[in-house]
Every structure is written in C-alpha cells, then in structure tokens.
Amino acid sequence: KAGVTQTPRYLIKTRGQQVTLSCSPISGHRSVSWYQQTPGQGLQFLFEYFSETQRNKGNFPGRFSGRQFSNSRSEMNVSTLELGDSALYLCASSFRGLSGNTIYFGEGSWLTVV
Amino acid sequence: GESVGLHLPTLSVQEGDNSIINCAYSNSASDYFIWYKQESGKGPQFIIDIRSNMDKRQGQRVTVLLNKTVKHLSLQIAATQPGDSAVYFCAENQGGSEKLVFGKGMKLTVNP
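So the protein lines, in turn, are chains A and B. The numbers in this note's numbering rise by one with no breaks, and the one at position 33 of the first sequence is 33. The numbers in this note's numbering rise by one with no breaks, and the one at position 57 of the second sequence is 57.
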C-alpha cells in the first residue's frame, strides 16, 4: 500500500511568486492535513480537509490556502511568497480524520524562497 | 534539503542503552497522543500512539507512558540502535479532527 505522496519534493521560488504543492493520501484515507516545519517554529498546523471541506485552519495568513478534490487528493497554495515561507511542507492523511485515527505523513515538499 | 533539527535539545546514548525521551503537553482536553520519528530529509514516521484512557502502551522495543495528572508523556526505547538516531516529536490531538499540536522535538544520537 503506497504511503502519502507529495510533489514536488524540492522547489525554489522567487519572492512574490506563488506555489502549489500536491498531496495524494493513502488509498482509502479521506482526511488530509497540512503542516509547515521550520527550524525556528517547529511543526505548525496549516489546515485540514475532509470530504472536500476545510474543517480546521491554523494561524496562517490568507496567502496560504488549500483544497481537496473528490478523490481525496489535496493541494495547498501559497501566494505572494516571502522569504519566511521557506520551509518543509508536510501533508498527512488518516482514514476518517477523527481523534484516535492514526495519522501518517508524507516525505514533504522542501520550498526555498529566494 | 536543510535539516529541520537545528537548535533542538539533544540526548546522546550508547548503542545498547535504553533511551527515555520526555514530553510535556499543553491541553488537558487532548485525548490522543502520538510519537513520531523524523530522520534527516524525511517526513515524520509514526512510532506509537496512546489514548487518554490508557497509562502505558508497548510496541516493538518502544513503550509510551502517559501521566495525565502532570500532562507528561514519555517514550522509552529499549536497546537503542544507531538506526534510532533521529529527531523525536510528541504530538497531541485535541479531538474531533486531525489537527496535531507538536512538541519542540528531541534529537537522539546513538553512539556505536
């Protein structure tokens, strides 16, 4: 069974550009969430989707957005990139997205903003 | 990619020793806890979980202890191996969704 797949793995963008990251959850998983990981702030929750609906959102500016498709695949977008957006962006999936459901992470997308 | 394990507290142990990694969680309403292992350049890997109605849970070479009174979680790794070298995170789940709140992380270094 394939794990959580994220693409691209590495990318470099320029300040002011926008970026779209993609996540394919484990087959059968319907809940997808996104996290930002930086050395200074650690792992921080961005948002969570279940059945194409955003259920929860972290404390990030509106430049960060996401969506989920009917096949549970998800994308996140960051517009008007800033240097501080450089981070590892992680996607996680679980079966139902309820407390107590094992949550699995992908390998992440490394974003560097120059 | 760069490391995300910079400036973390570090625990160094000898191969074969037992390791204990501690974590204080923040929300007394959290009812599900997970330990993750993250190796350099990789995403967090699930190790073991525990629900709030339990005090202890054992896996293969790992044990998680939960003390709800003091909001403390620990991960014990028996017979630590060089392959256990990584950053370890505890995470708490606050019920009803997939949102995890992560601890700061602990870098474990196993010396051969």
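No lab work stands behind these hints, which were simulated from the structure alone. Note that the coordinates shown come from a computational prediction; the quantities given were computed from them, not determined experimentally. Do not rely on the hints blindly, as some may be mistaken.
[Stated by the list, open to error] Cβ-Cβ distance ranges computed for the label pairs, FRET-style:
(1) A:Gln44 / B:Val70: 17 to 27 Å
(2) A:Gln54 / B:Asp17: 40 to 50 Å
(3) A:Gln18 / B:Val70: 43 to 53 Å
(4) B:Gly83 / A:Pro8: 24 to 34 Å
(5) B:Gln60 / A:Arg73: 24 to 34 Å
(6) B:Ser74 / A:Arg15: 18 to 28 Å
(7) B:Lys56 / A:Ile12: 15 to 25 Å
(8) B:Gln81 / A:Gln41: 40 to 50 Å
(9) B:Gly41 / A:Asn59: 26 to 36 Å
(10) B:Gln76 / A:Arg15: 44 to 54 Å
For glycine and all other residues, C-beta sits at the position ideal for the given N, C-alpha and C.
Consistency of the hints with the structure:
no. : hint                          : verdict
1   : A:Gln44 / B:Val70: 17 to 27 Å : holds, 25 Å
2   : A:Gln54 / B:Asp17: 40 to 50 Å : holds, 45 Å
3   : A:Gln18 / B:Val70: 43 to 53 Å : holds, 45 Å
4   : B:Gly83 / A:Pro8: 24 to 34 Å  : holds, 28 Å
5   : B:Gln60 / A:Arg73: 24 to 34 Å : holds, 32 Å
6   : B:Ser74 / A:Arg15: 18 to 28 Å : violated, 43 Å
7   : B:Lys56 / A:Ile12: 15 to 25 Å : violated, 46 Å
8   : B:Gln81 / A:Gln41: 40 to 50 Å : violated, 30 Å
9   : B:Gly41 / A:Asn59: 26 to 36 Å : holds, 27 Å
10  : B:Gln76 / A:Arg15: 44 to 54 Å : holds, 45 Å
Comparing the model with each numbered hint stated earlier shows that hints 6, 7 and 8 do not hold.
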